[in-house]
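Given the coordinates of chain A, work out where chains B and C should sit on it, guided by the hints.
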Amino acid sequence: MTQKNRLNGGQIDRDTTLSFTFDGKHYKGHPGDTLASALLANNVRLMGRSFKYHRPRGPLTAGSEEPNAIVELRSGARQEPNTRATTAELFDGLSATSQNRWPSLTFDAMAINDRLSNFLTAGFYYKTFMWPAAFWEKIYEPIIRKAAGLGSLSMRADPDTYDKGFRHCDLLIIGAGPAGLNAALTAGRAGAQVILADEDFRMGGRLNAETYSVADMSGADWARQTVAELATLSNVRLMPRTTVIGAFDHGIYGAVKRVSDHLATPAAGKPRQILWRIYAKQTLLCAGATERPIAFDNNDRPGIMLAASLRAYATRWAATPAQRVAIFTNNDDGHRTARDLQAKGVKIAAVIDTRQDAARSYDYEVLQGAQVVDTKGRLGLTFVEVKQADGSIRTVECGALGVSGGWNPNVHLTCHQRGRPTWNDSLAAFVPGGTLPPGMSVAGAANGDLSTHGALKSGAEAARKALGLKGRAPAVPQAEDAPGTQTPFWYVEGCSRAWLDQQNDVTVKDVKLSHQEGFRSVEHLKRYTTLGMATDQGKTSNIGGLAIMAELAGKSIPEVGTTIFRPPYTPTAIGVLAGRMRGKEFHPTRLTPSHVWAKERGAVFVEVGNWLRAQWFPLPGETHWRQSVDREVTATRASVGVCDCTTLGKIDVQGSDAATFLNTVYCNGFAKLAVGKTRYGLMLREDGIAMDDGTAARLAEDQFVVTTTTANAGRVYQHMEFVRQCLMPEADVQLISTTEAWAQYAVAGPNSRRLLQKIVDPDHDISNEGFPFMACANITVCGGLRARLFRISFSGELAFEIAVPSRYGDALMRRLMTEGEEFDVTPYGTEALGVMRIEKGHAAGNELNGTTTALNLGMGRMVSKSKDSIGSKLSERPGLNEADALMQVGLRPLSAEDKVTAGGHLMKASGLVDAAHDQGYVTSAAYSPTLGRMIGLGFLKDGGNRMGETLRLVSPVTDLTVEVEVVSAHFVDPEGERVRA
Amino acid sequence: MHDLTPITALGGSAARVDSVGDVTLTEVPDVALASVAARRRQEAACAQTLERLLGTAVPLPGYAAEGAEYAAFWTGPDQWMLSADFNGYEDVAARIKAEVGDRASVTEQTDAWVCFDLVGGRINAVLELLCNVDLTRFETGRATRTSIHHLGCYVISTNAGQSVRILGPRASADSLHHAITTAMASAL
Amino acid sequence: MIINHPLLGPRDSAEFVYLGAAALMDRPDPETASAEDWHDYAYLRDNPAGPHRELWFHEGGDRSILIVTRDTTTHEITGVELAREVASK
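As given, the protein sequences belong to chains A, B and C, one line each in that order. Quick note on the numbering used here: the first sequence kicks off at 1 and runs consecutively. Quick note on the numbering used here: the second sequence kicks off at 1001 and runs consecutively. Quick note on the numbering used here: the third sequence kicks off at 2001 and runs consecutively.
In short, the hints are calculated from the structure, not lab data. Treat the hints with caution; some may be incorrect.
Below, in silico cross-link-like pairs of lysine to aspartate or glutamate (EDC-like), each with a Cα-Cα straight-line distance of 16 Å or less [to be verified]:
#, chain 1, residue 1, chain 2, residue 2
1, A, K512, A, E493
2, A, K599, B, D1174
3, A, K584, B, D1174
4, B, K1097, A, E701
5, A, K867, C, E2031
6, C, K2089, A, E730
7, A, K281, C, D2012
8, A, K281, B, D1134
9, A, K865, C, D2012
10, B, K1097, A, E730
11, A, K867, C, D2029
12, A, K28, A, D13
Rough simulated footprint, nothing fancy, chain B against chain C, three-plus residues with beta-carbon under 8 Å [as the list claims (entries may be wrong)]:
#, stretch
13, 2009-2015
14, 2053-2065
Far from chain A, some chain C residues (derived; all Cβ distances over 10 Å) [stated by the list, open to error]:
#, residue
15, P2006
16, L2024
17, L2044
18, R2045
19, D2046
20, N2047
21, P2048
22, A2049
23, G2050
24, T2072
25, H2075
26, T2078
27, G2079
In this text, a Cβ means the ideal position worked out from N, Cα and C, and glycines have one as well.
Bound conformation, chain A alone:
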């Protein structure tokens, strides 16, 4: 099919032809077209079906406010539902599909809903699907969703990428129409850092859609020339295809840049869209205005659109929905459309003007004081019925009707911080008012300056004011300056199936019904009728609903008020909010210094926070993780094992008051710890609950290295900074994290010393006498490399932790392996680490779970009474110190085959199993290869005095009941002889 409705002129590139499909049918268009303009040029008016009644619909507008022409773009994984044909930029090969129809757009079986409209009025769903309740989720909702749906998702992962970015400027100008362009020119020439953002792919706003001139050239040429000058200014950044979606606190704006949406697929490495976070010292909103419709019966047929949109299609895109067009208006702007279309050779059937005194024209017929009362045409407009001033009905044949009810300033962004617009009587419209977001001002049509001259002038003035520019204002380019008064005319008397919200199918009748049923607040009206709740957020419809509501309530429109404007301004892809944070890149990954080596060894890794740690190291022939873990535990206890423990938080605490500081943050004492010694420390929250544990090694009188658990490293550091800065501001203490600076390995097992003696330089004595349990020192290894050695043990074996600068961690691990061959050295992962610590009864995150105290952990006596420390006072609360307080115990199943599960609860050997008889719970469980059975750690009421008692471990969710014996938590080496060997 040729482009039957293509006119002459327009800002399209006729030298290039683009092919595209709509519902599988092939069409041609040109660069510069939108999908909607190209379809109109191809004589396609029908582009979608409405939400509820499945009414045939075509575009109402030529911009982002579009409620009707909503289509699915592209196919496969890139299929995107609910996109507006009016903003989709045409590219070669674009495929679009209509949505919400079955089996086809021209014959939609669901259009039966339209016949049932008497039943499907406002509140229909609420009233009908109340009962039975169980039906809602399984039956009603899926059916309703299918019938009243929008587009469909591909259900495949989005193959595109999205970026986020940050930009800063002195002045952010939102909208590049006459006001925005002149503002940018003023600010740019003055040298300010300017960002000019516009949602359109061609800057100029209405200037591109009008035929009048600016400064002796066409408005479009003036826009092009201005954009060209702005592009030469290094301090001005032009951001076309960029929608400012929200105004956030303190001059922060969200803006979505569509980088690749006008291409078939993004270029390699390029994102589809970018979410820019713009930091603006000042902001100038030049978002223009949106034309508003008039409601009349059957005002939603394809071919009926806003008059200025009809004009935009003709002027900018050289397209018209039909060759014979009528206009229905209450203002002079409608006549402008008639003149522009006629100049392009479109036949004007009539201009129907509600005003008795409307100016007549020599060029076309004007019906004064007339109103459109009904329309005809199943899949597209064929006739309109006009009630003339004398009451007679006249039928006017036309394929398109332009409707103009005046203009609404686009105030949305002025209200994103809960400001409310104010009513302007002479415009009969809401204008920006009240409290604007700090730093924001408004110019042009968005501020109610509806003429081009007014926009140019106010844009420049607002920019000068925002930037505090002095001196004489430059002359405003000559432009049309039509008076900007508007008289309200919201709907045709007596209409009923007259659409207000075309996307959500809300009619004048629905608003009346909602009023009748008592929904008097505008917020209730919105939710009951769904007026303004569609993807267009009621940009063309809300005001009509408010007007009718006001009339019914006998109030003025400002008394009724508006609903709250919220971001985003237009629908925003979830992907762009996520940016690069998807899949593996959801958070950064931290790798240990032995990672490369562990990977070579075939380690299985586990995420621990952001860290990837080796979980176990399977050997050939091992088919189950338990085989690997049991072997690692046994080998370590028998000879020597090595584990990367770099992930433990390490904080360097220095200063002459370092010991005093640690005395405050740890509940136990550190003042008397000798240099060269390490001590276990327990940190409490101020409410007396245990926060974290670790060790502090005193490397010098004024230097400690504190370790934290892997999970709490960040929190503990933050807590220590709070104590340092807020509670001990005068103390001489300095903190810095050194977690990643040092590769730290636990070397554990009876042969650990012998192995380390081959590594540690001989001038350092690490014998039991020279380097006893809990010793620490700065040493050298492998012929002079600086290192740190700690004799601490998490496994319960003779053990050390050795640290070298991270870059040597890989080499040290490899050296430990080769030097350890004679001892059958075994690398072990976090699972074996966990098993050994449970066997030894060491508390970890499962026990330090945010509810337990030092007393519960069996460390009640560690809380020093001779000094003040964080949490010490509140740990004395009676409620935390009752006689039967939970105490940490070990749990051993009577039968070696029985399972122990963490999370299970402890009950007495006989009696009821319920919450009232709860004796405690299991925190950790593991299979102990050393004991040949599963074991557990848990908290038991008065646990210290119940050794040997038999209890039932129950886990109703897994249907488990096991008899367990209460034993010491120290399953292995309870006297601690091994660690001191």
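Here is chains B and C on its own, set in the frame of chain A:
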């Protein structure tokens, strides 16, 4: 001399280099780093010593300074990161401690960080996708801590609009490298 | 939100970690405080609709803790101080 062979933060034996268009990202392993934090009530004396070491005034908040032997940037109130050539200054912490004595706490930071130099005419197009730094005012000598894809990094403007040095947490070197190179592909 | 750091100038609040009311700085004197004092300190917070003094830790910046006076109804920030300086006064 010890006989352990180091690897770079990205896990290689040699520094990684990646180029897109005229912008090049180079891993810089040969940087020795030490944090210097003035002791309480020794702030002035500490600054004086550092000034002597740097041969120039200590950098103010948000700035870096470069001397013949050492360079420095501000990291917190009365706290700086000093850097030197790793070759010859591997013991940077001990050397500085010997100079500042009890006037400051010194902590070795060499291997806490991965260091990248991002160089080329369009680095700002890359940086604006990575971090919230006001590039319109990021003159030579500015230094700031910022977040790059959730990683706390230092960004130092070594030649405005032409080159920056980025220090990020070493354990996340791969993630940071991925973030920077994807931003390069996206922006350039 | 943007917090005007006394040393570093305007910084995005995303760089900070919120630590709660500035009242946390007024830790009871362990020598003299009663159980009630500790209870109030640990558990009771004002929840004003209006100006509120609160602690923001510049976790992604210089690690200073700031006392920010913020209007909870408008997010207007009327004062920013370094907590350590206030605490040592």
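Taking the hints in turn, this is what the structure says about them:
Under the criterion of a C-alpha separation no larger than 16 Å, the hint pairing A/K512 with A/E493 is consistent with the structure, at around 13 Å. The straight-line distance between the Cα atoms of A/K599 and B/D1174 is roughly 15 Å, inside the 16 Å bound, and the hint therefore holds. For the proposed pair A/K584 and B/D1174, the alpha carbon gap of about 12 Å is at most 16 Å, so the pair holds. Among the hinted pairs, B/K1097 with A/E701 is consistent with the structure: their alpha-carbon atoms are about 15 Å apart, no more than 16 Å.
Proximity of A/K867 to C/E2031 is assessed by CA-CA distance (about 10 Å); at most 16 Å being required, the pair is judged to hold. About 10 Å separates the Cα atoms of C/K2089 and A/E730, which keeps this hinted pair within 16 Å; it holds. Among the hinted pairs, A/K281 with C/D2012 is consistent with the structure: their alpha-carbon atoms are about 13 Å apart, no more than 16 Å. Restraint check: the Cα-Cα separation between A/K281 and B/D1134 comes to about 12 Å, which is no more than 16 Å; the hinted pair holds.
In summary, the hint linking A/K865 to C/D2012 is not supported, as the alpha carbons are separated by about 43 Å, beyond the 16 Å threshold. For the hint linking B/K1097 to A/E730, the alpha-carbon distance of about 23 Å lies beyond 16 Å, and the restraint is violated. Proximity of A/K867 to C/D2029 is assessed by CA-CA distance (about 12 Å); at most 16 Å being required, the pair is judged to hold. Taken as a hint, the A/K28 and A/D13 pair is honoured in the structure, with Cα atoms around 12 Å apart against an allowance of 16 Å.
Chain B is given as covering the stretch 2009-2015 of chain C, and this holds because 4 residues of the stretch bring a CB closer than 8 Å to a CB of that chain, at least three being needed. Note: the stretch 2053-2065 of chain C has 6 residues with beta-carbon separation from chain B under 8 Å; the three-residue rule is met and the coverage holds. Here C/P2006 stays apart from chain A, with its beta-carbon at least about 13 Å from theirs, past the 10 Å limit. With a closest Cβ-Cβ approach of about 7 Å to chain A, C/L2024 is found to fall inside the 10 Å limit, against its non-interface label.
No Cβ of chain A approaches the Cβ of C/L2044 within 10 Å, the least distance being about 12 Å, so the stated non-interface status holds. The beta carbon of C/R2045 is kept farther than 10 Å from every beta carbon of chain A, the shortest such distance being approximately 13 Å. Residue placement check: C/D2046 keeps its beta carbon more than 10 Å from all beta carbons of chain A (closest about 18 Å). Against chain A, the non-interface label of C/N2047 holds: every CB pair exceeds 10 Å, the least being about 19 Å.
Separation of C/P2048 from chain A is adequate, the least Cβ-Cβ distance of about 18 Å exceeding the 10 Å criterion. Distance to chain A confirms C/A2049 as a non-interface residue, since its nearest Cβ pair spans about 14 Å, more than 10 Å. For C/G2050, the shortest C-beta to C-beta distance to chain A comes to about 16 Å, beyond the 10 Å cut-off, and the non-interface label holds. Distance check on C/T2072: its Cβ is at least 12 Å (rounded) from any Cβ of chain A, clearing the 10 Å threshold; non-interface status holds.
Listed as outside the interface, C/H2075 is inconsistent with that label: its C-beta sits roughly 5 Å from the nearest C-beta of chain A, within the 10 Å cut-off. A cut-off of 10 Å between C-beta atoms confirms that C/T2078 is not in contact with chain A; the least separation is 12 Å. Under the 10 Å C-beta cut-off, the non-interface status given to C/G2079 relative to chain A holds; the minimum distance is some 15 Å.
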